[in-house]
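Colleague: Sequence:
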Amino acid sequence: MTPAGKLIAALVAVSQTGTYHAIALIAGVAILAMSGHASAADCSGAAQNIVINAPAVINVPANAPVGTLLTSLITVPATNFYTCTPVSGQSNVTGVAFEAAGLTKAGFTVSPGGTLPVLTVFNTSVPGIGIAIAVRPSNGNCGAGPYVDLGGTTATAAIPSPWVGSTCGSTGTATNGGQAQVVLVKTMAGAVAVGTISGVLFQAASVIQQSGKDVVQTGAGAPGLITFSISPVSDVPPSCTTPNVVVPMTTYSVSAFKGVGSTTPPVSFNLAINNCSAGLTSIVYQFSAPGGIANAAAGVIALTTDSTAKQIGLQVTDGNGVPLKYDGTTYSVTGVTSSPGSYVVPLKAAYFQIGSPIVAGNANANLVFSMTYQ
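Heads up: the sequence shown runs through residues -40 to -1, 1 to 334, numbered per mature numbering (1 follows the signal peptide of the UniProt record, and there is no 0).
It should be emphasised that the hints constitute simulated quantities derived from the structure, not laboratory data. Check each hint, because a few of them may be wrong.
Said to hold, decoys possible - Below, in silico cross-link-like pairs of lysine-lysine (DSS-like), each with a Cα-Cα straight-line distance of 25 Å or less:
hint, residue 1, residue 2
1, K218, K308
2, K270, K308
3, K285, K308
4, K218, K270
5, K270, K285
Unchecked claim - So the derived label-pair ranges between C-beta atoms look like this:
hint, residue 1, residue 2, range
6, K173, G103, 18 to 26 Å
7, S158, S248, 39 to 47 Å
8, P306, N40, 55 to 63 Å
9, N40, S199, 42 to 50 Å
10, T131, S189, 33 to 41 Å
11, N324, T28, 39 to 47 Å
12, G73, P122, 22 to 30 Å
13, T201, N101, 54 to 62 Å
14, P203, S242, 15 to 23 Å
15, G73, A232, 35 to 43 Å
No residue lacks a Cβ here, since even glycine has one placed at the ideal position from N, Cα and C.
With these hints in hand, go ahead and build the complete structure from the sequences.
Modeller: In structure tokens:
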């Protein structure tokens, strides 16, 4: 072990001849030599789990770039974890360290802003959604230090990797704890997987000094670990609801038409886009005519095959009277915000004479409205 250990062995051999006093003396020297390996502080604290209260639902736009912050910063309040008391009047150098719990790194960093440093992004259980974590140890008389990146280098280089944290020296009892801030981050291009994030993300442990080195206390006999778990967060694809619309066109006589290209008075109606989820940045839509197109330039669609009227079609325009296109042309909803909301698309419809002679009868038409939201 040490030269002192060898001296003890030699004197034990001598003790067989009666030098018991020498044994006691050297044993005392050996105890003094070993005392440097003992802990300078006695720390205690019960294990506990701290819940990070995250939004229950998030929407991840498919067109959002990698690195987009999907939530605001979520703050975990400062909490005391451990009480550390000096042993035999020695210097009380103690602290707190944090470590990711089974998380893998996504391979890039983000800058949340404010007083936070650049943060490592970790993968979560939902592909395409990551999390960045900043931790802030609070140690005894030194108080709370700055936030540090959980995936970066430690605030005190002596703390063994992958733990990050800091220590503080004091002569009296020290109360150590910490807090954290987290933010969810998009980690892949395009649409992300649908799923729920939950469970333990990282943990904290007590730190003491032994032989001048910082030691993270884990395992049997150590103060309890502090785990940090996130409340369930579900990724729900952005969505809106669009009820079917029936437009009553009333009844007209054949004499209401004055020749090819003439129309009946337009009937105004709205397409409702309801209950759009939060996080949308755009809504685009287009129209198609399953029964065919009677006059593309005028935005006229053909009547259904069960209609008995002849030589008329249905013209559909926007709210300003501009004919719709049915060739894949897309239109954008105005005023879309990232907050939940509902929108209206104003339209007009009128019967349109496409030929002669007109034959009276029922006149129905179908128009299909489809949306893409991001």
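Colleague: Now look at each hint and say whether the structure bears it out.
Modeller: A quick look at each hint next to the structure:
1. K218 with K308: holds (20 Å)
2. K270 with K308: holds (21 Å)
3. K285 with K308: holds (14 Å)
4. K218 with K270: holds (15 Å)
5. K270 with K285: Distance of about 23 Å is within 25 Å: holds.
6. K173 with G103: 18 to 26 Å: With Cβ atoms ~24 Å apart, the hint holds.
7. S158 with S248: 39 to 47 Å: holds (42 Å)
8. P306 with N40: 55 to 63 Å: 60 Å Cβ-Cβ, so the 55 to 63 Å window holds.
9. N40 with S199: 42 to 50 Å: Since N40 and S199 have Cβ atoms about 44 Å apart, the given range 42 to 50 Å holds.
10. T131 with S189: 33 to 41 Å: holds (36 Å)
11. N324 with T28: 39 to 47 Å: Given a distance of about 46 Å, which is inside 39 to 47 Å, the answer is holds.
12. G73 with P122: 22 to 30 Å: holds (25 Å)
13. T201 with N101: 54 to 62 Å: Taking Cβ atoms as reference, T201 and N101 lie about 59 Å apart, which means the hint holds.
14. P203 with S242: 15 to 23 Å: Given range 15 to 23 Å: holds, Cβ gap about 21 Å.
15. G73 with A232: 35 to 43 Å: Taking Cβ atoms as reference, G73 and A232 lie about 38 Å apart, which means the hint holds.
Hint check: no violations occur; every hint is consistent with the structure.
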